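Chains as they are written, first to last, in numbering that gives the first Met the number 0: chain Y, 0 to 486; chain R, 0 to 94.
No lab work stands behind these hints: they were computed from the structure. Bear in mind that the values here come from a model prediction, so they are computed numbers and not experimental data. One or more of the hints may lead you astray.
[Stated by the list, open to error] Computed footprint of chain R on chain Y, listed as stretches where at least three residues anywhere in the stretch have a Cβ under 8 Å from a Cβ of chain R:
#1 40-46
#2 50-63
[Claimed, not checked] Below, a list of computed lysine to aspartate or glutamate pairs in the EDC-like style, where the Cα atoms sit at most 16 Å apart:
#3 Y/K81 - R/D73
#4 Y/K81 - Y/E21
#5 Y/K372 - R/E32
#6 Y/K81 - Y/E105
#7 Y/K410 - R/E32
#8 Y/K84 - R/D74
#9 Y/K81 - R/D44
[Said to hold, decoys possible] Take a look, some chain Y residues computed to stay more than 10 Å from chain R by CB distance:
#10 Y134
#11 D321
#12 D337
#13 L338
#14 T340
#15 T359
Note that the Cβ used here is the ideal one computed from N, Cα and C, for glycine as well.
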Amino acid sequence: MHNHTVSQLSQGLREGSYSSVEVTRNYLERIARLDERYNAFISVDETAALAAAEAADARIAGGDAAPLTGIPLAHKDIFCTKGMKTSCGSRMLDNFVPPYDATVIERFRSAGSIILGKTNMDEFAMGSSNESSYYGAARNPWNTGCVPGGSSGGSAAAVAALLAPAATGTDTGGSIRQPAAFCGITGLKPTYGRVSRLGMIAFASSLDQGGPMARTAEDCALMLNTMAGHDPRDSTSSDVPVEDYTAGLEKSLEGLRIGLPDAYFGEGLDSATGECIHLALKELEALGATLTAVSLPHSELTIPTYYIVAPAEASTNLSRYDGVRYGHRCADPADLHDLYTRTREEGFGDEVKRRILIGTYALSAGYYDAYYKKAQQARRLIRQDFLDCFQSVDIIAGPTTPGPAFALGAKDNDPVSMYLEDVYTLAVNLAGLPGMSLPAGFVQDKPIGLQLIGPHFGEGRLLNVAHRFQQATDWHTRTPGVGEHVA
Amino acid sequence: MTIAQDDIEKIAELARIRISGEEIGEVTQRITEILQMVDTLQAADTSNVEPMANPLDATQQLRADEVTELNRRDDFLAIAPAVEDGLFLVPRVIE
């Protein structure tokens, strides 16, 4: 049953083919046996998971089941879980047990889904390889010498290795889409504000967005139905009405206009990866879509703009970690200044420190206009490019990443080369758009992701396109290490 | 743009992060590389462009000024590193 999708499990539970306790126990057993290889989980609470599964079985027996009742899920360790450690991949929060649930967690709990565990991630979601985690890097199930991507690398690895049927992730610059691409799964970053950020530990508040990571677009739709919606406790959450994301999945792609930005197919794109993407686009053409070249004239501003905006917001958000109210505190502080500076020296890793320093610099007196204000202006130009494109096309498509998963350690010591990994995903966050990655082929036996980008609140259309693509292809059904994972 | 080691020390002080003597050279080098990359933005023409803080151009939502949260002082103190008499404890600030 661990090879089943969320949608299949939901049906199986309802038909009584198995109980939630059986399904949950099966995944817990797989985690205990196999996660040593992948390091996908930071925490697992078997007792709480099985208790929740029993409650779900009672609810199903009582005829009061929601689609996700009894479904075990993994959650990125950035979502606060009441009574369960939430580390954000950092030493700073290694001892942090939140007194409350994130809204996303609360919604999944009330839907009756089960928390299998909390997944590994780059520290404070800053990274594209999972290597900045205090708990060591998660590994790519397709090739354990390679990174799973980041920052939601543990969630992607857990789903790809069939240690969980689906997981949550967060995406500030590609952190759902890039690991989904590297691990051969389907991931969706919703429109900014579509999913509540309350209790989702903040990295860059104007860019962060939570979303689903699963094996199919249909499963992502089921999860988004539970996750999306206005939250009065998150003042940036949108009150645009939520549609039923499963309702439009089967819609025909006849007449769909897909824009292909020249900037996403130029220099820097690995040629074999480009070939996979072109074949995937041909498939969409065969399903009735038309392909048109579009232009994003300010795309060369994306990386510098992002690496000002994101660190500036991070330096502000992370100022809360002071060793006073929760989290790590240095031993025997001499005075308050020593308490702050040593707590933060010990609690944060190298990449987090670098981003705090860059952000502090960009916001400091005398540099604010040259950096932060300039970046906010460039951000508007970048968004306008997309809005202009959506005048003539329905969605935009291209590669999620420049190439397949890279080797562990390959970019770890070179921040700028790591930043370039996200060249195709960052602009979506700057513009606040929904974006998806779905499996579209293999290069060197490693998965390649096709990225779909939609207009604001267009996630229903993206899920529809991805679903139709998955009806016509079988890339998303492939699992790593067949044999070892069967039975 | 290059940044001197002194500047990094100043920023680190503003950010309240201690950086040890052995690390400061390496940190300065990495930050310089990143700043060189972001400095390409300076060439962009952004004249007459309104800065954008929120991708939906949303403004702050307001709510009625009502008490909606419970007082959970004990829960919050329970996860603090040091407390005394219901208060967070820090090293002496005033001699």
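Each hint tested on the structure:
no.: 1; hint: 40-46; result: violated (count 0)
no.: 2; hint: 50-63; result: violated (count 0)
no.: 3; hint: Y/K81 - R/D73; result: holds (15 Å)
no.: 4; hint: Y/K81 - Y/E21; result: violated (25 Å)
no.: 5; hint: Y/K372 - R/E32; result: violated (21 Å)
no.: 6; hint: Y/K81 - Y/E105; result: holds (9 Å)
no.: 7; hint: Y/K410 - R/E32; result: holds (14 Å)
no.: 8; hint: Y/K84 - R/D74; result: holds (15 Å)
no.: 9; hint: Y/K81 - R/D44; result: violated (48 Å)
no.: 10; hint: Y134; result: holds (20 Å)
no.: 11; hint: D321; result: violated (8 Å)
no.: 12; hint: D337; result: violated (8 Å)
no.: 13; hint: L338; result: violated (6 Å)
no.: 14; hint: T340; result: violated (4 Å)
no.: 15; hint: T359; result: violated (4 Å)
In summary, the structure is inconsistent with hints 1, 2, 4, 5, 9, 11, 12, 13, 14, 15 from the numbered list given earlier, while agreeing with the others.
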